[in-house]
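S.K.: If you want the building blocks of each chain, they are given just below.
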Amino acid sequence: MLSKSQARNFFLGFTVLFSGTFLALTVDSIRQVPARSHEDQMTAQVVAGKEIWETNNCMGCHTLLGEGAYYAPELTKVVERRGEGYLKMFLRDPQAMYPGRRKMVQYNFTPEQIDEVIAFLTWIGKIDTNGFPAAPDLAPLAGASTK
Amino acid sequence: MRYRSQKVAYLFFATSILLLSLQILYGFIMGFAHVGYDNLHEVVPFNAARATHTNLLVVWLLSGFMGSAYYIIPEEAERELVSVPAAIVQWASLVVVSVTAVIGFHFNWWEGRKFLEIPRPLDYLVVVNVLLFIGNIGLTAWKGRRFTTTGMVLIAGLTSAALLYLPGMITFDSQVYDSYFRWWVVHLWVEGVWELIMGSILSFLLIKLTGVDREVIEKWLYVIVGLTFLSGILGTGHHYYWIGTPGYWKMIGGVFSGLEPLAFLGMALYGVTMSRRGGKRPENRIALAWTVGCGVMSFVGAGFLGFAHTLPQVNIYTHGTLVTAMHGHLAFWGAYAMVVLAMISFAMPELTGRKLYAGWVPEWAFWTSNIGMVGMTGAFAVAGITQVYLERKMGLDFLAVQEAISVHFIGLILAACLFTVGIGLYIWNFIQYGLPKDEAIQPGGSA
Chain A
1 MLSKSQARNF
11 FLGFTVLFSG
21 TFLALTVDSI
31 RQVPARSHED
41 QMTAQVVAGK
51 EIWETNNCMG
61 CHTLLGEGAY
71 YAPELTKVVE
81 RRGEGYLKMF
91 LRDPQAMYPG
101 RRKMVQYNFT
111 PEQIDEVIAF
121 LTWIGKIDTN
131 GFPAAPDLAP
141 LAGASTK
Chain B
1 MRYRSQKVAY
11 LFFATSILLL
21 SLQILYGFIM
31 GFAHVGYDNL
41 HEVVPFNAAR
51 ATHTNLLVVW
61 LLSGFMGSAY
71 YIIPEEAERE
81 LVSVPAAIVQ
91 WASLVVVSVT
101 AVIGFHFNWW
111 EGRKFLEIPR
121 PLDYLVVVNV
131 LLFIGNIGLT
141 AWKGRRFTTT
151 GMVLIAGLTS
161 AALLYLPGMI
171 TFDSQVYDSY
181 FRWWVVHLWV
191 EGVWELIMGS
201 ILSFLLIKLT
211 GVDREVIEKW
221 LYVIVGLTFL
231 SGILGTGHHY
241 YWIGTPGYWK
251 MIGGVFSGLE
261 PLAFLGMALY
271 GVTMSRRGGK
281 RPENRIALAW
291 TVGCGVMSFV
301 GAGFLGFAHT
311 LPQVNIYTHG
321 TLVTAMHGHL
331 AFWGAYAMVV
341 LAMISFAMPE
351 LTGRKLYAGW
361 VPEWAFWTSN
371 IGMVGMTGAF
381 AVAGITQVYL
391 ERKMGLDFLA
401 VQEAISVHFI
411 GLILAACLFT
421 VGIGLYIWNF
431 IQYGLPKDEA
441 IQPGGSA
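Protein sequence lines, in the order shown, are assigned to chains A and B.
Residue numbers in the first sequence follow my numbering, run continuously in steps of one, and reach 147 at the last position.
Residue numbers in the second sequence follow my numbering, run continuously in steps of one, and reach 447 at the last position.
Derived by calculation from the structure, the hints in this document are not laboratory data.
Don't take each hint at face value.
Under the rule of at most 27 Å between Cα atoms (straight-line distance), these lysine-lysine pairs were calculated in the DSSO-like manner [as the list claims (entries may be wrong)]:
(1) Lys126/A x Lys393/B
(2) Lys77/A x Lys103/A
(3) Lys280/B x Lys88/A
(4) Lys103/A x Lys280/B
(5) Lys4/A x Lys114/B
(6) Lys77/A x Lys280/B
(7) Lys393/B x Lys77/A
Here the structure is a predicted model, which is why all the values come from computation and not from measurement.
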């Protein structure tokens with residue numbers, strides 16, 4: 001039967017082994033991320049957009065790369081999905097777009113700030129996310145059944 | 001209790017309970033907003049309610065862990081706490097930080113990083129606070145006559161939790177690194193070192209309540225925390241599937257996070273077998289119910305429901321939907337809320353000398369809160385799964401889907417009412433106990 005010292009060695013052994021592996025993989029990930037996220041395109045405007053994203057806690061309602069809250073849409077590919085024109089109009093007065101429905105705070109962004117937010121979201125949309133968000137795989141079926 | 005200084009735990013327990021009530025209030029604000037009653041939008045917009053709800057959770061759990069440590073460490077080390085005034089200062093600063101942070105959220109003062117929203121200046125205060133806490137319990141253990149596995153695992157868990165807060169304070173221009181290192185805090189806390197804290201508190205309670213030999217209980221504690229790190233460290237990879245990190249994280253994160261339920265299965269078996277094996281029927285039956293319940297519910301919420309959406313082929317559709325809220329609620333309730341409530345249920349009669357653990361109030365508190373939380377989890381599950389199919393798999397518009405599933409939030413609110421009744425009874429029981437008394441000290445040892 002397992003003794004207490006064997007149990008302790010099991011705990012310490014795996015902790016050291018997997019902590020080491022995790023650190024090694026972290027080093028390799030950090031090596032690969034600049035290319036995968038197109039860090040060369042991360043302009044001052046993108047960084048300023050990220051700053052706006054954080055200081056207003058956008059993740060308190062939205063998700064980005066799937067992370068955040070579930071009250072408002074996922075925004076990883078939003079620029080591709082909606083286009084810049086739509087987003088510019090929406091950010092000027094979010095509630096005007098969906099009167100009487102779920103509300104977004106009116107932040108009264110300046111046109112420069114709106115451009116920064118969109119630059120940030122455009123940069124996010126180009127990250128190699130291993131395929132997230134996936135294309136809706138049942139969409140063709142749904143379309144077929146309603147025809 | 002055996003030592004006068006253990007009384008300081010009461011301050012932390014009372015704070016936990018107060019913040020838990022506030023957390024529930026903000027949960028209701030969000031639940032109603034999901035149904036369309038967002039009347040508070042101008043005062044408490046959803047993102048403020050959300051940051052308040054989750055940060056209150058983190059603070060009340062930490063306060064509960066700290067109170068537990070102030071109770072457990074003197075007993076395990078067999079000496080008084082080195083400094084009660086330091087513990088009181090530390091408690092006061094914890095209250096100041098959390099109150100300031102929560103008020104700040106309502107005025108757009110935050111960092112906007114999920115779970116770690118508290119603004120930078122307050123982060124430094126947290127660091128000072130935690131150093132004071134670790135110093136106090138660490139020195140007590142050091143000067144004590146006894147180094148027990150339970151005490152050491154608890155201190156190791158608390159110290160690692162403090163150290164792991166630091167990566168969350170580094171800022172990056174790139175969202176990818178920001179996210180990468182934010183998980184070092186959030187994941188390695190709740191699926192790593194917090195399990196050390198949880199396991200050691202369970203171990204302490206099982207030793208006190210079941211009469212099973214300490215050596216046996218502590219041996220299995222090592223096995224459980226061994227399984228935690230075996231799976232949980234590389235299990236961090238399940239947060240690295242889609243954030244711009246290399247593709248191998250899908251395999252590594254999938255396999256190791258798939259093993260994470262084992263540690264929680266261990267916690268469940270630990271509670272159930274030890275309580276059967278002891279043969280001693282504790283007078284404080286309700287503390288044992290919370291202890292065993294914690295093991296079981298942590299397995300259901302954190303283990304089973306976590307596994308339900310951790311594999312990458314599932315997660316690519318469920319990631320960032322209400323399915324996460326389903327898992328999150330029962331996981332935090334089962335693993336961490338229940339362990340704190342178990343500890344408080346055990347400690348209150350010891351601290352006050354009043355045996356108010358029998359009768360309908362504590363029993364109904366236990367059952368009603370648990371059934372309420374299971375109901376809430378069910379409501380989130382139905383809403384979440386529907387959202388995944390309509391929005392993610394069929395490609396319907398986000399807002400249209402949200403309106404279609406809003407009916408499940410009425411179910412959520414009803415279940416939350418039941419849960420609130422349970423917590424209300426728990427709080428009523430807590431208030432009835434009154435304040436800790438010196439007459440409750442039993443130098444020879446406690447029950």
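S.K.: Tell me the hint numbers this structure goes against, listed in increasing order.
M.R.: 3, 4, 5, 6
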